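Asker: Here's the letter readout for the chains.
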Amino acid sequence: MSVSITSYLLVALILFCVGLYGALTKRNAVVVLISIELMLNAVNINLVAFSKYGLYPAVTGHIFSLFTMTVAAAEVAVALAILIALYRNKETVNVDEMDSMKR
Amino acid sequence: MDTLMQYAWLIPLFPLLAFIVIVSFGRQLKEGAAAVGILFTAVSFGLAVLTFWQRFQEGATDYKFSIDWLKVGDIVITMGFEINQLNALMLLIVTLVSLLVQIYSKGYMHGDERFPVFYQYLALFTFSMLGLVIAPNLLQIYIFWELVGVCSFLLVGYYYFKPEAKAAAKKAFIVTRIGDLGLFIGICLLFWWTGSFELSQIFDSIALGKLEPWMITLAAILIFVGAIGKSGQFPLHTWLPDAMEGPTPVSALIHAATMVAAGVYLVAATYPLFIASDAALNVVAYIGGFTAIFAASIGLTQKDIKRVLAYSTVSQLGYMMLALGVAGAAGYVAGTFHLMTHAFFKALLFLGAGSVIHAVHTQNVFEMGGLWKKMPITALTFLIGCLAIAGIFPFAGFWSKEAILGAVYEAHRYDLLFIAILAAFFTAFYMFRLFFLTFAGEARGKHEAHESPGVMTGPLLILALLAIVAGFINTPYAPVFGDWLLSGEVGTIIEDVFGAGEGHAAAWLQIAALGVSILGILLAWLMYGKRAIPSDAIPEAMPWLYQLSYRKYFVDEFYHYVVVVPLGWLGYLLNLFDKYIVDGLVSLIAKITRGIGALHGRAQNGQVQSYGAMVLFGLLLLIVAITLTAQGGGVLGIGQ
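Each protein sequence line maps, in turn, to chains V and B.
The first sequence runs 1332 to 1434 under this note's numbering.
The second sequence runs 2 to 641 under this note's numbering.
For reference, chain B alone in the conformation it holds in the complex (with noise of 0.2 angstroms):
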């Protein structure tokens, strides 16, 4: 039954040929761009959904096919791709998210000026994901990952106008090309030491023990520095809120569901790599567990919706890595569930505020309210993202959030437990002060807000489903979703190391994680719904806390004066040198030239009079040379 995995291969291809299509025909297309999109990611789909629903076979072995690319010397580079369980994973969740964030963009870019265009970057973003996902080596990958990348920086800077989306766009750029240095690095090192790109290779020296614990462990940090910097954590996380100037659309799929969510899936697809160091475990679970905590309570104070948004992704990405990094089959298996049901309900939360936005056409919270009646569908699927994300009983986000509980729990680390336990109560507020906000209460600007079109609230649908479902499908009374995961051969390397794992919360567990759930969402509605308690009374006795949490701890501001101005001041320096010393020599050299030959044009002056008088002049010069250096009049033979 590997018949139809053989053509997974098709799958990013698709995306590929909408990008050519929309390249080639846009200027004719116009809006038709989004059908040729829309079209061909459906095919995508399809195909991921029959490759997904056949690894859910039974038996389904990992297929993986290469052919040779490079040869130099003895070393053969591959190109392939592989399918295992992770993969197929992912395929499925880049393709629905992308294809529902195509229909959606139908409906929010309507009558923008250069619609064909965003669509050929959302076709060239979707082939780029899922090339990255489906790369059975780390050449591959990494060459995938730029590409995602660059995606990213054309849609951040979609709106090129706007100084702030230019700045975002390069600041996205230029961050996540820091984090990208570090992965460029471990490859190198993987390849230097094991003689090969390949995951399966590598994975097989490491079980060989040809490794040395600290080459590992190297490694393993500089990889996870790659998943730092796309994944947002600290301190590389300043990009992400900033990369919010980009469509809404693509908040949704490139900077919350699918690319963001790439450092997530690097971990997990060399995790056999990880499980070998201790140490690098440690890295990842203590970045993540303080980004989860330290992003959160920056989202409590912020004021334009998206960037709450883009707090609560990076805060959630936070708690994958915690979840990965507390190591065990368990771990693994609630960090790429959480990566998923948080893909469906980041999405839901990025597209109903798309609405939103499209609606009241401001992204300040403070001047939304009252739209509960007036956007009837945006309002019920954006409450259910809510209750996802806060983790309630029974929506998708409880399933996955117990189960990083579990995992910390079992793995008794307990300081980690309550740093995520905090987290989800910050989380739970700040997702319903954002709700209440934005949508209890009275109108508080001046907009006719109606109800987006069916093709936007389609999508919202679909995802607020897919919201409350996700869920059971790893429950801890059938763990289905973890059994399957934990199949592959990765699952399997997991397994032989830690022996498997329940992965789930015992009840007391389950029952304080949503009773900190619910009491966030009480104190939200106490401030922002009921109005019972004065929501300035915070800011007013804190107001050195409520800075610090509304200024991002000054993150910025610190890289600004420690990086960027010290930067400035050398780039300056160095301009200098190059405008005053470099320049300055080679304009030396060009005025000497010059000089020379103006001195010879000027003797060049038709006068016959003064050529002679040169011609004398020279001969005079020749004989004095003559005379003084020939010895007894050597030279003409004079004398002899």
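The shape of chain V in the complex, shown without the other chains (with noise of 0.2 angstroms):
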């Protein structure tokens, strides 16, 4: 059985709203950062998908996935060490308190 491109879509979709709604709403900043990695892996499945079901199948796609997870692993990495580090400074861990670009 093929299961065909739009169903690869779709869950890549619903995986980066549900990843961008979480950005952007959620108060906690891991769990903003945990977002942000949602939306990396709905495009990740985009990537895959295309390079797959797409009209020049090609092997570039997974690596550019691969690529992209290291990337992501290396970014949230450096977002958690800022986050401590805001987090001694200012002991919370809440976005909307965040805002010393307008202060």
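Don't read these hints as lab results, they were simulated from the structure.
Be a bit skeptical, because a hint or two may be false.
[As the list claims (entries may be wrong)] Distance windows between CB atoms, simulated:
| no. | chain 1 | residue 1 | chain 2 | residue 2 | range |
| --- | --- | --- | --- | --- | --- |
| 1 | V | Thr1337 | B | Ala626 | 23 to 31 angstroms |
| 2 | B | Tyr612 | V | Ile1345 | 44 to 52 angstroms |
| 3 | B | Ser588 | V | Ile1345 | 18 to 26 angstroms |
| 4 | V | Ser1338 | B | Lys592 | 50 to 58 angstroms |
| 5 | B | Val625 | V | Ile1345 | 17 to 25 angstroms |
| 6 | B | Ile597 | V | Leu1397 | 33 to 41 angstroms |
| 7 | B | Ile597 | V | Lys1383 | 46 to 54 angstroms |
[Said to hold, decoys possible] Chain V is faced by these chain B residues, among others (derived, beta-carbon under 10 angstroms):
| no. | residue |
| --- | --- |
| 8 | Leu384 |
| 9 | Asn606 |
| 10 | Gly607 |
Since the model is a prediction, treat every value here as computed from it, not as a measurement.
Yeah, the Cβ is synthetic: ideal placement off N, Cα and C, and Gly gets one too.
Two chains, two frames, a set of hints: combine them into the complex.
Answerer: Put into structure tokens, the structure is as follows:
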């Protein structure tokens, strides 16, 4: 049985929207980070889906998604480090209170 | 022998120099400012005497000097000065009266805080007035005309802390501006029609018949409107009595002898324009005649010594206009002659009144009385002034008034003659009413009056002397002044039109005029001197008539309700319009902008998440917009 590209794209869309919703609404900075990971993974699904079922199937998409995962891992490491630094300074992980851009 | 006249331009320059010196060093000079003013004016006076003396020589020709000032296309506007008979006479009068007034003010203004400022204004005024009388073209006349107006405004409002003085200064300025507007339009029209501001060229154009009769009439009447404003003729006379709020020497100099006579001077200087139009002359004559009798009848009942004199000035200026208006060489001479004698005796009367006010600190004649013994010099000189203005033989006023009556009689204008004689009767009555109330009888006020210092009585004595002898230069038996005045260019034009006039009254007319004046004096003596007739008999018998005169025919009230109040309402409405409509629009725009700004400011809240939401929202909008507008997915090339 073959699954159409639309199903993959739909899953990716749902995942992206859930991630976007979380990134924009959640108070906890850690949850926001996790949400961003969700969005990244939605993109990865897209890349792999197109590399298999796209107009010009090739291995490029796979390679790209591997790269994305690597970079995402590094990014999360950095982001968590920043979060910990912020938490030490402000004693909070609430995103609402991190508005020093304005003050 | 034209050498001296070439330097006549120095005459106005000395007071200007005095003005500059006092402006620069006023604080250091303090009351020494008086010395500066007097000294420089004395130099001017000396030059004016020399110039006048030279004009009196046989065969002196008019001297005119001008330089190009502005060149606009083909039109060259010149600037310069001119010395003819009338100018030389005015120079002499203005410098003399100004000099005497400045000497007098040294005593009168002694101890005033703004003493140097007073002399500043006086010097500036003297400069402007002298500049006015030697101007050879209408543009220059207009410039100095406005300058004297400004000086008058400044000096009337000299006691600016008094609300009445402030109001009077404003009134003087605004009311004369109405006349000035007429003059300005007249000058513009003349320039338009003749292409020149030069008086001589305008006269040439008229002589050559380049102007239509209606043009001449219109221009002459418009120029006369300027004279009406400046000389306090009806219906613009209301500012002059109010202008008495200024210091008394100012009233003597500006509002009696010189500036208010500028209107008469203007008519005399542009006389060829007027004699080319019978209608314009009639306007001048009837307005002058009406003003003479109208102001005299107001003067009968006023209680303020300076206001009586002010109405007397208005009336006498009307007399001069009347003389000029009845036309002819005789009228011209008589009007100018009366201008000269009036300058002397009216300045004398005002300075005398100032001396009285200085002593008793009130201006109400009913609080004076019995000053004859306490202030003998002032009283004597004031009496001479009264006799002169009432036209008693042989004082100056007799000769000039008689010349006017003669001119009117010769022109067969019997209605105007009747008005003039009646005005003479009124004049005699109210002047001696004033004299008896002030100097005769018992002292009615609580004041320790004493004679004024020599610096004040000196000018009084000089003016009194002039008020006695000035008339003799133009007696019917030896009309030296008249012949001399008519020997200039303007005089020649007048004689070309009318022929030489005798301009002196028949013997019966002289006696009648004298009799009327004596009757007036007698009546005043009976009512206020001897008190044989109770002075309140007329007010009680005819209260409405008394009220009409005492309230100045309600002209001020009329103007107040017809002009000032509607204009006030208009201003109020326009103010509301400005406040709520114009300002409202402006502040509405400001509010909208500020509201948009506040909205955006609120968006900048520092929350990364809300920024992200906005970006998402914007992106969605963009996608929706593209989807809706893209026909067949044209914009991004989707689906092609």
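Asker: If any of the earlier hints don't hold here, list their numbers in rising order.
Answerer: 2, 3, 6 and 8
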